[in-house]
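**Student:** Make a model of the complete structure from these sequences and hints.
Each chain, written out:
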Amino acid sequence: MSFINPIRYLSQILFRLLIWCLLTSNFRISNLIIGITISVILPNLRLPNLNLSFMAIELLKTIIAFPKSIKESVDLIFFKNKEEVFVNQRSSVEEDGSQFVNFLDLFRITLTPLSLVTRRKDRKSWRVHTIRNRK
Amino acid sequence: MLFLSYFLLFIGLFFWIWGTFPLLIKRDSLLYKLHTLTVADTVGSGLILIALIIRDSSHWPILLISIITLTLWNTVFGYLLGNLVDN
Numbered sequence: 001m002s003f004i005n006p007i008r009y010l011s012q013i014l015f016r017l018l019i020w021c022l023l024t025s026n027f028r029i030s031n032l033i034i035g036i037t038i039s040v041i042l043p044n045l046r047l048p049n050l051n052l053s054f055m056a057i058e059l060l061k062t063i064i065a066f067p068k069s070i071k072e073s074v075d076l077i078f079f080k081n082k083e084e085v086f087v088n089q090r091s092s093v094e095e096d097g098s099q100f101v102n103f104l105d106l107f108r109i110t111l112t113p114l115s116l117v118t119r120r121k122d123r124k125s126w127r128v129h130t131i132r133n134r135k
Numbered sequence: 136m137l138f139l140s141y142f143l144l145f146i147g148l149f150f151w152i153w154g155t156f157p158l159l160i161k162r163d164s165l166l167y168k169l170h171t172l173t174v175a176d177t178v179g180s181g182l183i184l185i186a187l188i189i190r191d192s193s194h195w196p197i198l199l200i201s202i203i204t205l206t207l208w209n210t211v212f213g214y215l216l217g218n219l220v221d222n
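So the sequences go chain by chain: A and B. Throughout the first sequence, residue numbering follows our numbering, covering 1 to 135 in sequence. Throughout the second sequence, residue numbering follows our numbering, covering 136 to 222 in sequence.
In case anyone wonders, no lab produced these hints; they're calculated from the structure. A virtual CB, placed ideally from N, CA and C, is assigned to each residue, including glycine. Some hints could be false.
What follows is a set of in silico ranges between Cβ atoms, one per label pair, in the way DEER data are often shown [stated by the list, open to error]:
1) B:Ser192 to A:Arg123: 40 to 50 Å
2) A:Ile38 to B:Thr204: 36 to 46 Å
3) B:Trp208 to A:Gln89: 20 to 30 Å
4) B:Leu215 to A:Asp75: 16 to 26 Å
**Tutor:** And the structure:
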């Protein structure tokens, strides 16, 4: 596909520039120019089926998962009778949906200490290993 | 501020020790060990790095990159090992 969505292109450039600035930890104009040049030169990402607004929501959910993982660690430490079970959890997109959103979904579930994705159960759900507190 | 930094540092160290200890216990399953290692590596190391950002804020970009890469690789390898165990 030759046509590139301008918003997507701009966000891609900004994302690369952000990584460049973090890596070099230098915000001077000359360094910014080098960063912009490099982010333009690098080949375009091919991410089919990617809806930008949907992706933004998924990214926000992933950021929320970080504080949640601290809470779940404390939970895991104070569980008295631990029980390990496999559950099937619905994924936010189907298997052939956007690869990036699939990755974010997997990342979000595996990041928290109480749940760990082991594989795909079927097209719509993950097989997740979780730890529960037995009543 | 220094107190907060120490507080986070010690909580991170506690998570490290608590999360690594099950590696020595034979009766725990491999997947349970992966769960506790998530506590140690992702959350514990993350808290320690946040404590370092508070202490030495001039180096925040490189510490932020470390937090991002640590969580990314820990999670990806957690999934990889979990996948191998389940198969």
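**Student:** Which earlier hints can't be squared with this structure?
**Tutor:** 2
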